[in-house]
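Trainee: As given, the protein sequences belong to chains L and X, one line each in that order.
In terms of our numbering, the first sequence opens at residue 882 and continues consecutively.
In terms of our numbering, the second sequence opens at residue 882 and continues consecutively.
Zero decoy hints are in this set.
Chain L residues, not near chain X, derived (Cβ > 12 Å throughout): (1) Ala-885; (2) Gly-1250; (3) Leu-1266; (4) Arg-1268; (5) Ser-1309; (6) Ala-1325.
So the derived label-pair ranges between C-beta atoms look like this: (7) L:Ala-1300 x X:Leu-1365: 54 to 62 Å; (8) X:Asp-935 x L:Arg-1039: 29 to 37 Å; (9) X:Thr-1231 x L:Asp-1307: 52 to 60 Å.
What the simulated footprint calls covered on chain X by chain L, stretch by stretch (three residues with Cβ under 8 Å from a Cβ of chain L suffice, anywhere in the stretch; the number is not a length): (10) 924–932; (11) 1003–1014.
None of these hints come from the bench; they were simulated from the model.
These numbers were taken from a predicted model, which means no experiment stands behind them.
Yeah, the Cβ is synthetic: ideal placement off N, Cα and C, and Gly gets one too.
Spelled out from the first residue to the last, the chains are:
There are 2 protein chains.
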Amino acid sequence: MKHALSVTRSENFAAWYQEVISEAEMAEESGVRGCMVIRPWGYGIWERIQKLMDARIKAAGVDNCYFPLFIPLSYFAKEAEHVDGFAKEMAVVTHHRLIQDSKGGLVPDPEAKLEEPLIVRPTSETVIGQAMARWIQSWRDLPLLTNQWANVVRWEMRTRMFLRTSEFLWQEGHTAHADRDDAMAETLRALEMYRAHAEDELAMPVFAGEKPENERFPGAVATYSIEAMMQDGKALQAGTSHYLGTGFAEAAGIRYQDREGQQALCHTTSWGVSTRLIGGVIMTHGDDDGLRVPPAIAPHQVVILPMLRDDDGDEALLAYCEDLRRALAAQTALGEPIRVLLDKRAGKATQKRWGWVKKGVPLILEIGGRDAANGQVSALRRDRLYREDGKVNFAGQDRDAFLAAAAAELEDIQRSLYAEAKARRDASIHRGVTDMAGLEAYFAEDQKYPGWVELGWSRPTGAELETVVARLKALKLTMRNTPLDAAPVSGTCLFTGKPAVETIYVARAY
Amino acid sequence: MKHALSVTRSENFAAWYQEVISEAEMAEESGVRGCMVIRPWGYGIWERIQKLMDARIKAAGVDNCYFPLFIPLSYFAKEAEHVDGFAKEMAVVTHHRLIQDSKGGLVPDPEAKLEEPLIVRPTSETVIGQAMARWIQSWRDLPLLTNQWANVVRWEMRTRMFLRTSEFLWQEGHTAHADRDDAMAETLRALEMYRAHAEDELAMPVFAGEKPENERFPGAVATYSIEAMMQDGKALQAGTSHYLGTGFAEAAGIRYQDREGQQALCHTTSWGVSTRLIGGVIMTHGDDDGLRVPPAIAPHQVVILPMLRDDDGDEALLAYCEDLRRALAAQTALGEPIRVLLDKRAGKATQKRWGWVKKGVPLILEIGGRDAANGQVSALRRDRLYREDGKVNFAGQDRDAFLAAAAAELEDIQRSLYAEAKARRDASIHRGVTDMAGLEAYFAEDQKYPGWVELGWSRPTGAELETVVARLKALKLTMRNTPLDAAPVSGTCLFTGKPAVETIYVARAY
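Looking at chain L on its own, in the form it has when it is part of the complex (with noise of 0.2 Å):
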């Protein structure tokens, strides 16, 4: 069966995901090393996830602020001797001005070099820090919950459009609270939040649990994530939230006078998505076809196509097809006014409907004069394209019948994805591997990576867990999360041969 795009995931999955980013036009390279350009359908989305998340910050009644892009290099210093393992390709700027050299080209002007070096963000703990140690005197200022949508840059040497780029855009919460059980609650409220979003919002099903130690945020006491299982079985750290203890606001300064009049230091915490979630919902719902957009973060939930014929019957034919638009309009789907794009650009409707095929957009309705004349419209949902007999699964049907059932329509076309991604994803979970030898044959198999393996595992730390880690890494496995939400376990550890204590998700990972 022929598809619309070149690649199949099955033949080359990488392959294939670059192919969607291009055909839907959501991406591309920038020519600047490691940045993309993010294209109308790639930031529609993002616009979508961030009015959704937002609202869901705002709810949880934590404030929006913004802080500045540069960091003084002296804040990191602070970092740096504190925290093993401190993260150092970060981009540098070293000079305020360009002048013409001998030669008439540009270079930075030597006078104008910074006394101090200006790191740009790599995300914002310190200078948020800074600002939180003016902001919180006593326990009446407490908890401060800030957030900021911003740009931040990691210089990466191997960068994938929206999965790691040097500069992405993503959402940081930083809060500060009395305690520890009180930041511990919002470390676990940010991390319930994303699990929402990811599954109510991206239809993508993921385990909320806890990143064992060598996986922690550098300098917190927990680090927490969602993990969601891409198509070609390997994982995605889709958000991390992190209870950071009392080790940021010590380096801050971030004290609070206590209801006794004593001085004490705040708990921190801090949790960040990202357009990597973009990256997750191409791999969690894409197809040989291109992208499929839960209707949720839609930019478009409904695009309907006229069939235009360059004569007198266009006229009547867009009057019907915008009268169509205005009744969609009008409805409420998931909450919201439905999204509806009534597409009249000039070409043939054919082409234009592949195109949003290779978008994603969860209906397609395609009206010719003939549809017009006896009322009908003719409706093809994305994530059911092809009829057994491999044709495209337009369903013409009474207009008045359609808009009664459209946003009920769009609620089944949410459901279905989150359904069908959460079948694969529990198809895919294998249990039952008791050393390591079978972990190797399981994920040695064919070469490819048939899932997770789910275990029972003792909690090593230390220099135990370190070997646990090194044995994984030979094997290109990671260890993802311990799930909150997993039943007791019983057995044997297959790393350190002690009693389990909790379950714990082997894969390989993006």
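Please arrange chain X on chain L, whose structure you already have, making use of the hints.
Mentor: Only chain X this time, still in chain L's reference frame:
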């Protein structure tokens, strides 16, 4: 009369401006040179501006995208060749890694020096031009209408919060068209969009017009602006829109095949507004008690302050206030649900009241136990803060009557703030100056800048214009713009002695 701020506008306008920002908790110095931290109240106003402007941008068919933060130096070298007055104060990234030096400090790693320095974008014409050249092939691809919301950096020696900071937030629209007429129409559409936003939403009267040749964006064929008068009589350029001709298209290779199959250069435009608008709002509407936020851009339009007594009565009082909050939130004002906050924080109601007065919330409700028992509210309009006797102007009202009128009251505040600002501005436009001595005398008076001078001028260019600019500069004056809707002029240009052809405003400016 005592006011909430320690400095009045008439005593020291610049110090007053800083105090509003600080007391309204809008922004603060970040400790990073030239960069500010935008706090929740300031950022909340920016979010409102973004939401309203973004709706206008999308309604015009412009697509949001995202382009890289970094621009290779060579892109600017090309521009510098072509553009006189090319600004060179920019943040230059030269390294991509830090290492520990021999003393344990962090320094840029000499091994990680970039082959080509990267510039932190001061504006994105060059990098967006490259993308347009890839995206545009034929006349069918035109017009191409893009916008991005982003942070940009221009190294500023003297900074002032919101008005001139090294990093600021803005939107930049970039469009490509088949011909001059279409590009000019877009340039003027964006200008009109800015005018409408400023006047209808920021309640800030502006003149929309063309900048004189010497004030054009480097490389532009024509630059238009909206210009607002601040309460100290100075002008604020609050938004610009540029018709760029074919110069940028030529530099970036933005060409298309026309209907006849010929290759042609696109005509491009760019247009932007920034967080500077917030400075304009402060200096247009602030008074000696702090900010006054127009309801259209107020993060909270109504704040309800229950006068809690820490006793048994509090529960009924809070229930009454929550009911009031719900009733207000269910109403629509200025086309959106009313944004209302029930402020339950601990602390004295009067202290909290003055906090909200300084932040400029349009309507403040103070509710005591007796009000709750009697079905009353006590309402304070921020724009009518004091009675004639100097007392705070609370109006006790029946709850139902208040609710019935609340939306209209907010809309009246929006109108009143605009009317007040417009009356003040119009009264401060001085006409009838016929020679340089008169101009000098007007602006010299008391070392104050009472307003602007409206002149007819001959639209000099080249060297003749430069002479005019220099003479004005000696008086610390600038030409603002030539308003589009001015009446025909007669008489003589006081600068050149030639017949006047158009109206222009002369003012001191931010």
